[in-house]
Amino acid sequence: MTVSAPPLGTVVHDEVVPARAPWMHTVRAGQTLRIVDLEGNQAVDFLAYSAADDAERYSAQDTIAAQGNVFLREGSVLLSNEGAPMMTVTATAVAYHDTIGGACSCESNTLRYGHHTKAQHACVENFLVANAQQGRGKRDMVSNVNWFMNVPVEADGALGIVDGISAPGLYVDLRAEMDVVVVVSNCPQINNPCNGFNPTPVRMIVAE
Amino acid sequence: MSDTANPYAAQAHARAQAGTRAQAMPTVPATDAVDLPQGVAPADVVWDETLAPGGYASRQIARGTRLRLTDLAGDASPSLLLFNAERPVERLNIADTLKVQWNGYLGQGRLLLSDMGRVLASLVEDTAGTHDAFCGASNQASNARKYGDGFNHGAHPNARDRFSLGVAKFGLGRKDIHPCLNLFKEVRVAQGGETVIDVGPYPPGRFVTLRAEMDLIVVLANCPHVLDPRAEYAVTPLRATAWRGPVTPEADPIRNATPEGLRAFLNVEDYYRR
Chain R
60 MTVSAPPLGT
70 VVHDEVVPAR
80 APWMHTVRAG
90 QTLRIVDLEG
100 NQAVDFLAYS
110 AADDAERYSA
120 QDTIAAQGNV
130 FLREGSVLLS
140 NEGAPMMTVT
150 ATAVAYHDTI
160 GGACSCESNT
170 LRYGHHTKAQ
180 HACVENFLVA
190 NAQQGRGKRD
200 MVSNVNWFMN
210 VPVEADGALG
220 IVDGISAPGL
230 YVDLRAEMDV
240 VVVVSNCPQI
250 NNPCNGFNPT
260 PVRMIVAE
Chain L
3 MSDTANPYAA
13 QAHARAQAGT
23 RAQAMPTVPA
33 TDAVDLPQGV
43 APADVVWDET
53 LAPGGYASRQ
63 IARGTRLRLT
73 DLAGDASPSL
83 LLFNAERPVE
93 RLNIADTLKV
103 QWNGYLGQGR
113 LLLSDMGRVL
123 ASLVEDTAGT
133 HDAFCGASNQ
143 ASNARKYGDG
153 FNHGAHPNAR
163 DRFSLGVAKF
173 GLGRKDIHPC
183 LNLFKEVRVA
193 QGGETVIDVG
203 PYPPGRFVTL
213 RAEMDLIVVL
223 ANCPHVLDPR
233 AEYAVTPLRA
243 TAWRGPVTPE
253 ADPIRNATPE
263 GLRAFLNVED
273 YYRR
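Same order as they appear, the protein sequences are chains R and L.
Heads up: take any position in the first sequence, counting from 1, add 59, and you land on my numbering.
Heads up: take any position in the second sequence, counting from 1, add 2, and you land on my numbering.
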């Protein structure tokens, strides 16, 4: 199923997240989360919170500043808003991933495509639903990672979500550097190419 | 006997300090502000304050207010948070701001968008053109690495902890510190995704003017950029001056510049339809 992926240790959790659905799971320090893009070019919107203190959470800006690059690649360290390592990209079959494009929302869809899209399901809705189970809300929304999503930046600053560079079975492995609550939206967007205009399931494997 | 040995002497000592001028201080009343932008009547000034190197401020301004941020000496480095003052759970969303406008470089004519599909502020003037929406705020750890410490009570405050104080004044907390915009220090993205920074120093007097499109809480932290390569804590004072202005009319060119931006204004106008 995965394409020449490195071996994982003992699998402690293995779950397929349906197309368009939220997912939340605590990954302990030292465990590895493998996200598999089962059918290809499926954006996986991703947030992480410190399990010990959820005011400390993934920060796209801290991560970009520390690594001096807007793309997430093998070796990238996801930093918190306090500058602490949360997870490390230990392996990936996709050259780079996005962390500047953020999540789709009903409200931003009205700007990007028109008010006819306001009623469509969106990633922020998934994040809110999942986070609500642990008492988090809208103020816990920050810029996220978009695994398998392609957002190039041109010389004049032009940027946008364009056709993906992922494919069926490609993966990303994330080793937790602290206990983290991972919150995912398996992106339901159908108005741009982030999901190839066809949201599909992804697989989540946690190993130690 | 010292000047402060009893309450009467201490009172006289305290009162004798009034009228002292400092480099970093607010003008109160704001209508006493001097060196105003051309055409601004003193009676319309609602806020005038100079932030120290490493200083911060937070302030509520009304829809239509113009807020000019001036880099007085060429090395100011303000990081900016914005909230809908009426309902602060709505705030600046950097990702939407870039994605919706199809561009990562903010400048004159660009919009600062909320996470609710509305425009919080427009950049109506920008003589700098060198800003950064990618790299965010310095924090205790990053300042400790560079300067030995980053404490609010020390000589090298970090932007994140300055934000903590600024938002606390409005009853907000650590979870409300969202991804920020850094003004005056430029970050560009190279073809491999590399961040390329230019911290200047620049000529003194550069400014940006924001037009509040909603009632806003503005939070500013004037700390060295997180990627500033200089060994010393290099930052100079920032002036914030705000004055009353009209709500953006339907014919405004920035309002109508792009279909995405126009819908953000329409969403604001819909919000205030009450």
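Because the hints were derived from the structure by calculation, they are not lab data.
Fair warning: there could be bad hints in the mix.
[Said to hold, decoys possible] Sample of chain L residues at the chain R side, in silico, Cβ under 8 Å:
hint, residue
1, Asp5
2, Leu100
3, Asn141
[To be verified] Sample of chain L residues facing chain R (criterion: CB under 10 Å; computed from the structure):
hint, residue
4, Val91
5, Trp104
6, Leu108
7, Gln110
8, Val126
9, Gly138
10, Val191
11, Gly195
12, Val198
13, Ile199
14, Leu229
15, Arg232
16, Leu268
[Claimed, not checked] The calculated lysine to aspartate or glutamate pairs, modelled on DMTMM-like cross-linking and capped at a C-alpha distance of 25 Å, are:
hint, chain 1, residue 1, chain 2, residue 2
17, L, Lys171, L, Glu271
18, R, Lys177, L, Asp5
19, L, Lys177, R, Asp112
20, L, Lys177, R, Glu184
The beta-carbon is built from N, C-alpha and C at its ideal position, and this holds for glycine as well.
**Message:** Hint compliance check: list the failing hint numbers for this structure, sorted ascending.
**Reply:** 1, 7, 8, 15, 17, 18
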